[in-house]
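**Q** Starting from the given sequences, assemble the full structure and let the hints guide the process.
2 protein chains.
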Amino acid sequence: MIASIVSVGNEVVIGQIADTNAAWLSQELAGLGIEVVEHAAVGDDMSRIVCAVKSATNRVDLIIVTGGLGPTPDDLTRQAMADAAKQDLVLDQEALEHISLIFSSRHLEMPERNRVQAMIPKGAVLIPNNRGTAAGFRIQIGKCEIAALPGVPHEMKGMFEDELAPYLRTVSGDSVVMIRSIRTFGVPESLVGQKLEHLMGLSDNPLVGTLAQDGVITVKLTVRAPDRKTAVELLDIRECEIRSLLGDAVFGTDVPGLEYVVAELLERRNWTAALAESCTGGMVASRLTSVPGISRCFVESVVTYSNESKSRRLDVPPDLIEKHGAVSSPVAEAMAVGVRDRAGSDVSIALTGIAGPTGGTTDKPVGLVYIATVTPDGVEVSEHRFRGERNIIRDRAAKTALNLLRLRLMKE
Amino acid sequence: MIASIVSVGNEVVIGQIADTNAAWLSQELAGLGIEVVEHAAVGDDMSRIVCAVKSATNRVDLIIVTGGLGPTPDDLTRQAMADAAKQDLVLDQEALEHISLIFSSRHLEMPERNRVQAMIPKGAVLIPNNRGTAAGFRIQIGKCEIAALPGVPHEMKGMFEDELAPYLRTVSGDSVVMIRSIRTFGVPESLVGQKLEHLMGLSDNPLVGTLAQDGVITVKLTVRAPDRKTAVELLDIRECEIRSLLGDAVFGTDVPGLEYVVAELLERRNWTAALAESCTGGMVASRLTSVPGISRCFVESVVTYSNESKSRRLDVPPDLIEKHGAVSSPVAEAMAVGVRDRAGSDVSIALTGIAGPTGGTTDKPVGLVYIATVTPDGVEVSEHRFRGERNIIRDRAAKTALNLLRLRLMKE
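Those sequence lines, one after another, are chains A and B.
Everything in the first sequence is counted per our numbering, starting at 1 for the first residue and increasing by one.
Everything in the second sequence is counted per our numbering, starting at 1 for the first residue and increasing by one.
The set of hints was computed from the structure by calculation and includes no laboratory data.
None of the hints are false.
One copy or two, it doesn't matter: identical chains are merged, so the pair holds either way.
Restricting the straight-line Cα-Cα distance to at most 27 Å, the calculated cross-link-like pairs of lysine-lysine (DSSO-like) are:
hint: 1; residue 1: Lys157; residue 2: Lys220
hint: 2; residue 1: Lys122; residue 2: Lys143
hint: 3; residue 1: Lys122; residue 2: Lys86
hint: 4; residue 1: Lys195; residue 2: Lys220
hint: 5; residue 1: Lys364; residue 2: Lys323
hint: 6; residue 1: Lys143; residue 2: Lys54
hint: 7; residue 1: Lys195; residue 2: Lys411
hint: 8; residue 1: Lys157; residue 2: Lys229
hint: 9; residue 1: Lys157; residue 2: Lys54
hint: 10; residue 1: Lys54; residue 2: Lys122
Just so you know, these numbers come straight off a predicted model, no measurement behind them.
**A** Structure representation (structure tokens):
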């Protein structure tokens, strides 16, 4: 069974809000074995709503329409669905009673305009809304099943979970769709693609795709199988192949970020960490401390923006800064050792660099960053040249630092 | 001129990411007087991409396609656009040189795979990508103009701003649409809505709407006018009314975040700042240092996660921590004074709290955060109770701290 999601509302097409309903529904439908193949969003415009839904009926088995079920004149989904199905709108008594009840329980009289929210196309099946006044419904057009739900996220989600999902389970057949994300860092997307090209056939099962997001390349596996056990087996086999092809560029499966892996590696060794940051300005610390329970292995971080602060807080000798400059390999090393010694931690990271947009020179351009890591095994310093705007340079430097520590912790 | 946005990528239709590109483009196009009337998203599937684009050519004057321009076999937008336009793909020499240069500047050999990113349909005009390897292009199909841009947000945005927007300005009609964002913090959306209700009519010009995002409530004004001067006048009048209704909850207009306002206030006074963070773990520092040029007014930040670190780094007396607990008003105050004194800065902020999910007690529940600010005027400490998950608590605490410093700096 394949599906389309149609979101109705000016606020979506004018860009006032991102369409998170569609993303949520796609994930829920995948869990029911229903693959969403397209999203559409149209404004509060009768002919565009009808056109979007009617044209999708030729391509998919199921359409979920969200939005446009409110009580105001710009709420057109009810009428559009009736037009698409060539049916009249009729008053649903159950829905009307529910709406009246909502108002009476608040000691209010039901405004006449809310009455329209109890109208559904003739032949449609009511989808009750226990969280608001907008009734939903489902109706058949040709071979395509269409469900209309309100756009308010918590109402939409509640109606989907309470009413629509149980119904769809009975009609969607037996197969399940499962998704797995293998996450990598430090290798360009093109190289990941090159190494996995033979696995990326468009009809392969699992389907393999790559996604680049803020420097992290995710290899996404989507599998379709008759049952959960088979799906997991197919995913396991493919994941194993991919991991052996990509080696230690893979930092985890279904893990939110590098910081979670670093935290786990620290915890496994019962080690503590301290950080010294300059250009990243607390970004590495902020990421690492986003991991619940990190207080067990994180001592402190110092963001030393000024040269004096580097000396005062991290014991970097002023003449070292004078000789090599604040952005240099020896200063990165001294920062890492300094914070490790003061914090009494087992490991440390230090970064010093030029995030821009100003402050670069020919010798030391914007994007130059030195990263030092200290473990019981000693100090390592590396030079990096990141490209892009200030906050991209900072983001990539922060992730690279976490990745360098991850790679060292894996070896220890 | 009316437009459609087509987003290409499995990650969108399977719901892995919300389509923020489409929302961003809608807003930008509105600013050029181009009304977006529909969005569509399709997976990495040749026939669906071609179908989505071709059917839209009958309904709109402009289609912007994002995504599917990467180097891997699942990147199909180039070929789909060539098919839709009934053209072959040809190698663009300028694009190829640019891609080679990116790799050679990183001392890497260009993988053969990346060559495909320099291919564009015959007859198309190159849209250069100064931030990555995926070349964009624009091409005419019938009377409809189609532009293809990569899906990576910062590349897409850069190419739109640098290349596409200037071109569209020359071809879109006369009336202008302008958007202005008045940003507030510390007041719930319902209260903002209540105070502005009389300005939020659906046919008002400017149209006024509110948008809540991560604790920041943005009041969005969209005006349509025959020319830029009239548009600005209408916006100025409405903004003035709104600011007088919302008072100092408004922290700025068209400003990316609170940190920019704090940086500007510091710079205006020629003051320096230092930070001491616990539960926010470097988030305040990371935000503040995201502002270009902040090194002129930012000295250092210390993330003191352990009690020992609070004493060693910030001179918080151990018996103060023992008596009141690390999460307490006196400790927040001592942290703020301690970092100010050590850094020799004019102002400081300190935060200490319980971000959760564990570590809360009946007396000191998850979400309890003390925030201290120091200015030449003295110390102020306040107690806050934030709700939500760990990273929501951290985010709201970081923003509240910046807002408290902003309000004090405005008074100085």
